[in-house]
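Using the sequences plus the hints, can you model the full thing?
There are 2 protein chains.
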Amino acid sequence: MGFEVVKVKEDILIENSKKADELRKVLKEKRIYFINVMASPGAGKTTLLVNLINKLKTEFNIGVMEADIDGDVDAARIVKETGVKTIQIHTSGACHLTAQMVNDAIKQFDVDGLNLLFLENVGNLVCPAEFDTGANINMMLLSVPEGDDKPLKYPLMFEVSKIAVITKIETADIFDFDFQKCQQNIHKRNQNAKIFEVSALEDKGTSELANYLKDIIQGR
Amino acid sequence: MGFEVVKVKEDILIENSKKADELRKVLKEKRIYFINVMASPGAGKTTLLVNLINKLKTEFNIGVMEADIDGDVDAARIVKETGVKTIQIHTSGACHLTAQMVNDAIKQFDVDGLNLLFLENVGNLVCPAEFDTGANINMMLLSVPEGDDKPLKYPLMFEVSKIAVITKIETADIFDFDFQKCQQNIHKRNQNAKIFEVSALEDKGTSELANYLKDIIQGR
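Here the protein sequences come in this chain order: A and B.
What the first sequence shows, in our numbering, is residues 1 to 220, in sequence order.
What the second sequence shows, in our numbering, is residues 221 to 440, in sequence order.
There's no promise every hint is true.
Claimed, not checked - Derived lysine-lysine pairs resembling DSS-like cross-links, with alpha carbons at most 27 Å apart:
1) A/153 to B/370
2) B/248 to A/7
3) A/153 to B/373
4) A/7 to B/370
5) A/18 to B/373
6) B/370 to A/150
7) B/238 to A/18
8) B/250 to B/227
9) B/373 to A/150
10) B/238 to A/19
11) A/107 to B/248
12) B/370 to A/18
13) A/30 to B/239
14) A/7 to B/238
15) A/80 to B/239
16) A/7 to B/245
Just so you know, the hints here were simulated from the structure itself, not pulled from any lab data.
As structure tokens, then:
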């Protein structure tokens, strides 16, 4: 070939995984279940979270970490529409959260007494998938307007997510979205992925998802 | 507001800056000038590099580090079209290079005897701007098809780049690109930015840029 090939990220990922495992251990001792929510910008993460939190908050003491490069509109909305404890994490430009960043945030966010913690990760279908945040489970959202081919283009996000939620299903007619093809594409990346189809706006499919979350949290 | 705001990236950036300063010191001792080239995918980084290297290789011993998430088409092209020493860096999914990653790559890339080192960073207008790579200077490319408003939308990339190269100027008529507005937008972000307008395809403006690089390298 005339040139060498070097891989340079292993060390960083190994260190991050170690930190993520430590964090999982700490949260397990505190009996806090931690769900990392990932998606592109505009896929409907905050809207779905508001919906799910209002269905789950009678049974769980919920906390939310809202991660954004800057701004705090999502945190303000969670507080206003659900009333649960919320913290805004600013990544100062970073396109993802590392386990270290989550750990730093949790230090400033009194999590004692909580038993369910959501992280709304930075809106991005690439970078957040690379870094284990220390969560018990990854839940990713794919909105109908983004297209049914996304699992083919962004494999890692689908590989690392146990739960894949297809959102904004009320727009399927406009966007010619093929649910069956999308499910096949998701299962190509992760054959054990649990797929939900929801419309947070019309409150469709969200109870099924909330019940599934209840089951896995209580069965931990 | 009802919620706290936490900033979580300072430590990582401080550590990266320290590593970048160390790397700059090592390269200075070896008398190697290091240029970090950044832009969106498809802005014409490799094409411009081939053009510049062929203009500069009689005066400098040049090495190229090609960073990509995966693949090696750009490294193969640099070797084929310039013949200079090239290394392919795979970031295994990472959207930018840290100083540590560059350092790891340089360890495997025998840089002794070189006096000019180019890094073609991962194609991305956001993430690479956040991390000091240890380079002496950042050169960013903005292609005409991307639009003259990009300095407003991606401020950091323009703030950290001493050299801004507007590429693909041969397409300006098709895209209704306002050069004066673009220059104003760039100078809003970095009033000392040195702006070049080039067409690597038609070999326009590239000699001025090559001469400018010669001057800054020899004047270091």
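Subject >> Straight-line alpha-carbon gap residue 7 of chain A to residue 370 of chain B, limit 27 Å >> reply: Not satisfied, since the Cα-Cα distance of roughly 31 Å exceeds 27 Å.
**OP:** Would you check the hint for residue 238 of chain B and residue 19 of chain A, treating anything up to 27 Å between C-alpha atoms as holding?
**Re:** holds, 21 Å
**OP:** Take the C-alpha atoms of residue 370 of chain B and residue 150 of chain A, compute the straight-line distance between them, and say whether it is at most 27 Å.
**Re:** holds, 26 Å
Original post:
Holds or violated: residue 373 of chain B with residue 150 of chain A, Cα cutoff 27 Å?
Top reply: holds, 25 Å
Original post:
Is residue 153 of chain A close enough to residue 373 of chain B, meaning Cα to Cα at most 27 Å?
Top reply: Judged against 27 Å, a Cα distance of about 25 Å means the pair holds.
Original post:
Given the proposed pairing of residue 7 of chain A with residue 238 of chain B, does the C-alpha separation stay at or below 27 Å?
Top reply: With a Cα-Cα distance of about 22 Å, the restraint between residue 7 of chain A and residue 238 of chain B holds, given a limit of 27 Å.
**OP:** Take a quick look at whether residue 18 of chain A and residue 373 of chain B sit within 27 Å of each other, Cα to Cα.
**Re:** Answer violated: residue 18 of chain A to residue 373 of chain B is near 36 Å, above 27 Å.
Original post:
Within 27 Å, alpha carbon to alpha carbon, are residue 107 of chain A and residue 248 of chain B?
Top reply: Given pair residue 107 of chain A, residue 248 of chain B is violated - Cα atoms ~40 Å apart, limit 27 Å.
Original post:
Hey, residue 153 of chain A versus residue 370 of chain B, does the alpha-carbon distance stay inside 27 Å?
Top reply: holds, 25 Å
Original post:
CA of residue 30 of chain A to CA of residue 239 of chain B, is that 27 Å or under?
Top reply: violated, 36 Å
**OP:** Given the hint that residue 80 of chain A pairs with residue 239 of chain B, test it: the Cα-Cα distance must not exceed 27 Å.
**Re:** Violated, at roughly 43 Å.
Original post:
Under the criterion that the straight-line Cα-Cα distance not exceed 27 Å, is the pair residue 7 of chain A, residue 245 of chain B satisfied?
Top reply: holds, 24 Å
Checked against the numbered hints above, the structure breaks hints 4, 5, 8, 11, 12, 13, 15 and satisfies the rest.
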